[in-house]
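Next come the chains, spelled out residue by residue.
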Amino acid sequence: MAETISLEVFRYSPERDAEPSFQRYDVPLRKDWVVLDALNYIKDKVDGSLTFRWSCRMGICGSCGMMVNGEPKLTCATFLSNYAREQGPLRVQPLRYFPVIRDLVVEITDFMTKLQSVKPWLIRGKEKPISEGEYLQTPEQLDRYKQFSMCINCVLCYSACPVYGLDPVFIGPAAIALAQRYNMDSRDEGAHERMDILAQHEGIWGCTFVGECTKVCPKHVDPAGAIQQYKLTATIERFKSFLMPRGAK
Amino acid sequence: MDISYHDVLLVGGGGAGLRAAIAVAETNPNLSAAVVSKVYPMRSHTVSAEGGAAGVIRPGDTLDDHAYDTISGGDWLCDQDAVEIFVKEAPEELLRLEHWGCPWSRDSDGRVAVRAFGGMKNMRTWFAADKTGFHLLHTLFQTTFKYKSVTRYDEWFVTRLLVDEGRVQGVVALQLMSGRIQAITAKSVILCTGGCGRVFPFTTNASIKTGDGMALAFQAGVPLKDMEFVQYHPTGLPFTGILITEAARSEGGYLINKDGYRYLQDYNLGTPTPQPVLRNMELGPRDRLSQAFVKEVEKGRTTDTPYGPVVHLDLRRLGEKVINTRLPFVRELCLKYENIDPIKELIPVRPVIHYMMGGVHTDNDGATPLAGLYAAGEVACVSINGANRLGSNSLPELLVFGARAGKAAALAAMEQKPPSERVVSQALDEKLRLEQQFLRKTGGRERIATIRSEMHKAMENGAGIYRNQTSLQKAADKLRELRERFREVSLDDHSLTFNTELLAALEQSFMLDVGSAIVESALHRVESRGAHQRTDFPARDDRNFLAHTLIFNNSDGSTRVKPAPVVITRWPPAERVYGVQSEVKQTAAR
Ligand SMILES: Cc1cc2nc3c(=O)[nH]c(=O)nc-3n(C[C@H](O)[C@H](O)[C@H](O)COP(=O)(O)OP(=O)(O)OC[C@H]3O[C@@H](n4cnc5c(N)ncnc54)[C@H](O)[C@@H]3O)c2cc1C
Ligand code: SF4
Ligand code: FES
Numbered sequence: 001m002a003e004t005i006s007l008e009v010f011r012y013s014p015e016r017d018a019e020p021s022f023q024r025y026d027v028p029l030r031k032d033w034v035v036l037d038a039l040n041y042i043k044d045k046v047d048g049s050l051t052f053r054w055s056c057r058m059g060i061c062g063s064c065g066m067m068v069n070g071e072p073k074l075t076c077a078t079f080l081s082n083y084a085r086e087q088g089p090l091r092v093q094p095l096r097y098f099p100v101i102r103d104l105v106v107e108i109t110d111f112m113t114k115l116q117s118v119k120p121w122l123i124r125g126k127e128k129p130i131s132e133g134e135y136l137q138t139p140e141q142l143d144r145y146k147q148f149s150m151c152i153n154c155v156l157c158y159s160a161c162p163v164y165g166l167d168p169v170f171i172g173p174a175a176i177a178l179a180q181r182y183n184m185d186s187r188d189e190g191a192h193e194r195m196d197i198l199a200q201h202e203g204i205w206g207c208t209f210v211g212e213c214t215k216v217c218p219k220h221v222d223p224a225g226a227i228q229q230y231k232l233t234a235t236i237e238r239f240k241s242f243l244m245p246r247g248a249k
Numbered sequence: 250m251d252i253s254y255h256d257v258l259l260v261g262g263g264g265a266g267l268r269a270a271i272a273v274a275e276t277n278p279n280l281s282a283a284v285v286s287k288v289y290p291m292r293s294h295t296v297s298a299e300g301g302a303a304g305v306i307r308p309g310d311t312l313d314d315h316a317y318d319t320i321s322g323g324d325w326l327c328d329q330d331a332v333e334i335f336v337k338e339a340p341e342e343l344l345r346l347e348h349w350g351c352p353w354s355r356d357s358d359g360r361v362a363v364r365a366f367g368g369m370k371n372m373r374t375w376f377a378a379d380k381t382g383f384h385l386l387h388t389l390f391q392t393t394f395k396y397k398s399v400t401r402y403d404e405w406f407v408t409r410l411l412v413d414e415g416r417v418q419g420v421v422a423l424q425l426m427s428g429r430i431q432a433i434t435a436k437s438v439i440l441c442t443g444g445c446g447r448v449f450p451f452t453t454n455a456s457i458k459t460g461d462g463m464a465l466a467f468q469a470g471v472p473l474k475d476m477e478f479v480q481y482h483p484t485g486l487p488f489t490g491i492l493i494t495e496a497a498r499s500e501g502g503y504l505i506n507k508d509g510y511r512y513l514q515d516y517n518l519g520t521p522t523p524q525p526v527l528r529n530m531e532l533g534p535r536d537r538l539s540q541a542f543v544k545e546v547e548k549g550r551t552t553d554t555p556y557g558p559v560v561h562l563d564l565r566r567l568g569e570k571v572i573n574t575r576l577p578f579v580r581e582l583c584l585k586y587e588n589i590d591p592i593k594e595l596i597p598v599r600p601v602i603h604y605m606m607g608g609v610h611t612d613n614d615g616a617t618p619l620a621g622l623y624a625a626g627e628v629a630c631v632s633i634n635g636a637n638r639l640g641s642n643s644l645p646e647l648l649v650f651g652a653r654a655g656k657a658a659a660l661a662a663m664e665q666k667p668p669s670e671r672v673v674s675q676a677l678d679e680k681l682r683l684e685q686q687f688l689r690k691t692g693g694r695e696r697i698a699t700i701r702s703e704m705h706k707a708m709e710n711g712a713g714i715y716r717n718q719t720s721l722q723k724a725a726d727k728l729r730e731l732r733e734r735f736r737e738v739s740l741d742d743h744s745l746t747f748n749t750e751l752l753a754a755l756e757q758s759f760m761l762d763v764g765s766a767i768v769e770s771a772l773h774r775v776e777s778r779g780a781h782q783r784t785d786f787p788a789r790d791d792r793n794f795l796a797h798t799l800i801f802n803n804s805d806g807s808t809r810v811k812p813a814p815v816v817i818t819r820w821p822p823a824e825r826v827y828g829v830q831s832e833v834k835q836t837a838a839r
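Sequence order for the protein chains is A and B.
Here the first sequence is numbered in the numbering used here, starting from 1 and rising by one per residue.
Here the second sequence is numbered in the numbering used here, starting from 250 and rising by one per residue.
Note that these hints are calculated values from the structure, not bench results.
One should not assume that every hint holds.
In silico SDA-like links for lysine to any residue, alpha-carbon gap of 25 Å or less [as the list claims (entries may be wrong)]:
no., chain 1, residue 1, chain 2, residue 2
1, B, K593, A, N82
2, A, K126, B, I306
3, B, K395, A, S131
4, B, K706, B, V546
5, A, K219, B, K570
6, A, K31, B, D590
7, A, K45, B, Q468
Okay, the calculated bits of chain A under chain B, using three or more residues with CB under 8 Å as the criterion [unchecked claim]:
no., stretch
8, 51-59
9, 134-145
10, 181-192
11, 204-211
Yeah, the Cβ is synthetic: ideal placement off N, Cα and C, and Gly gets one too.
Take these sequences, add in the hints, and give me the full structure.
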């Protein structure tokens, strides 16, 4: 008999259950299996009603985030064997701080609205016609925002963020990182516009730079760095706007 | 029954769907465009494309060169008028993406950088490190936020097309979160649902690539084209099917067998050189490389693993610096998913299913024979890919033809009247079907996972890299049996909230249809061309088969096949040659 590992999986169906519960499953412990493979094993062989999201199984689509033993993780990039020696079963739960739709699936509408609100697209005063070719951008200029452009929208950072946990209005790490991604892009001219939007969200000043978001980010986006960067620029901008009416640049 | 009204409906929010949505908004901002997608658009499979997107921008490269590479790569089954449109519009589309913020990799002077790619004679592949598809998709997605006329239906699954009075009038869709089933009507519908790699067991394709759009069109009587052409990618990681991009080879990686020998030299792919040479050896086309692998297995020169035989990709000679700067994602994938460090170790690889050349039959504007219905992206077959797609051609394809289809569908929608009353009753019928067949049914004997794995085996054994009459017939019989047994499927999950098992069932039924179309088309083509290799008919037969295969679904569930002509403009069929002789022969062929 091959080795097995026990999983304790969060179950909740709004149609059936008054309260969430945990269900225990034993699955084969294979060296090359990630947590997601175990969930798929359960769904295929044991219980077809277990509900979770996944797609690429290569850490790029951003859909398979869950709490694994209390930490936000991409389950397709988390080997089961890392937990083999730990006491007790492996706990798999939906991402924290988001409403649960069912089992391991959470509602991320809030994040989508926030993402959209920071205008994450290239803003220019004047568009250059396609016939004139590309906007030049040196590799060094690219490097200034590249890290922030790596965000896969997996929202692990929201589940790690104590400020978001207390204050769901907080626009949150990934949305700020993506705003900075465009602010720092040499082709973009929309930093002012975005600044106005971000400034309405007082939440950002509540961030005490605990840096949990950066620690859990599977793509090394460093949203905490983006928030610090943003605060700095925002302070300067605010200061400037005392001295000078907006528009007089 | 709820019903909502739009002008243009995009089924799918991948690269093709989003590009089409923007084209609709730019053609006429007063039209209401709706993007319906079974996953949040930025999760679509376009996200995992790594290598790049081809488009001529450098002096010394020409549109004709790109056209020739595409046509010869496609073994002369491409429609050359479509290819000419494609190569001309690809650079414009890639530039447009640059203007929307795509972080293309740059040269030191600030210009967009290009790299070499398999089957391409000149350097013309644009890339964003090795996450090209990811950046392309996120750029498109974030750009769509700008357009107020685009509505999104995120995590809605389309179960059928609404057709009345000979034209498409919308779709029936299921909202995952609520279980609501409703009609979403529109004057034009564009299918942008991507490919169907999941019909096969080893694939680079994500779990969502189940051929839904192909099956939806097929069921509505629209023919599928060239379905027998299924591309294997020669270098996938064995267990996960994760793709190791061709860029790893164009940077100078070697493919070696168990004796450490660069075996490609034995298969007419040129002679080994220390530095990579375009169209030579490791940079030969995908179909040839995958076929060489099978021959190596037969010769017993591969290495056995728990996931079958493998060969190895050797990147060690490139050194840490090149690997970390040019191929960081490749290293990340190897470390994270196979626990292998390419700086020090060989990477085990095998051919895996990668791309569908075939798809819904369309013209150069994405229009299908069914009025109001369009298709673009991997789901469609225009055809620019012919019998074998060249790497880095499909991202620009989905931009070029996504944009064209979006525009054409928008213009057509402006001329159309609102949907007919009868679609409401059709939608009600569909709702009833879903409830009776799946949600309320108990006691069926079959599990979806069993049907799926039997289908996988049938497809791999019957319609893999090499096929013949016997293997294909066996697969066809098996699929017929599985379609019967599918009626006996019952679900564990009968709830309405986020019922992923219901989705898996619907996808499984789509895959059985698409799998059959692949097998039936392959039976029909008794020649070998590009990715379709018949051991019983090993030669290309231009006299009888320089033609597309159109397959139709009859109302009784049987199929019929009809050939359609290939458009030849300036490049008469010639032999496909790679390696050192290719230059000479190509000049001769022109
Ligand atoms: C690993 C990998 C690497 C690749 N690398 C390259 C490369 O370097 N260069 C290149 O040119 N090409 C590459 N390709 C190919 C290319 O990425 C794909 O062909 C292309 O992205 C397909 O895009 P699409 O928009 O047609 O479909 P997808 O991006 O697959 O999108 C399909 C959309 O349809 C939706 N959908 C499907 N069915 C339904 C339904 N029933 N109801 C509602 N919505 C539905 C999905 O939600 C999704 O939004 C690669 C492919 C793979 C697998
Ligand atoms: S910043 Fe990192 S953790 Fe947060 S959503 Fe983006 S990729 Fe995920
Ligand atoms: S399944 Fe795509 S990120 Fe995990």
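Evaluation of the provided hints:
1. Annotation: proposed proximity of K593(B) to N82(A) holds, straight-line Cα distance about 23 Å (limit 25 Å).
2. At roughly 24 Å between alpha-carbon atoms, K126(A) and I306(B) fall within 25 Å of each other, so this suggested pair holds.
3. Between K395(B) and S131(A) the CA atoms are separated by roughly 23 Å; this keeps the pair inside 25 Å, and the hint holds.
4. Straight-line distance between C-alpha atoms of K706(B) and V546(B) comes to about 19 Å, which keeps the hinted pair within the 25 Å bound.
5. Annotation: proposed proximity of K219(A) to K570(B) holds, straight-line Cα distance about 20 Å (limit 25 Å).
6. Distance check on the hinted pair: K31(A) and D590(B) sit about 16 Å apart at the alpha-carbon level, within 25 Å; holds.
7. Annotation: proposed proximity of K45(A) to Q468(B) is violated, straight-line Cα distance about 31 Å (limit 25 Å).
8. With 9 residues carrying a beta carbon less than 8 Å from a beta carbon of chain B, the stretch 51-59 of chain A meets the three-residue requirement, and the given coverage holds.
9. With 9 residues bearing a CB less than 8 Å from a CB of chain B, the stretch 134-145 of chain A meets the requirement of three and the coverage assertion stands.
10. Remark: the stretch 181-192 of chain A is confirmed as covered by chain B, as 4 of its residues place a Cβ nearer than 8 Å to a Cβ of that chain, reaching the required three.
11. Taking a C-beta to C-beta cut-off of 8 Å, the stretch 204-211 of chain A contributes 0 residues in contact with chain B, too few for the three needed, and the coverage statement is violated.
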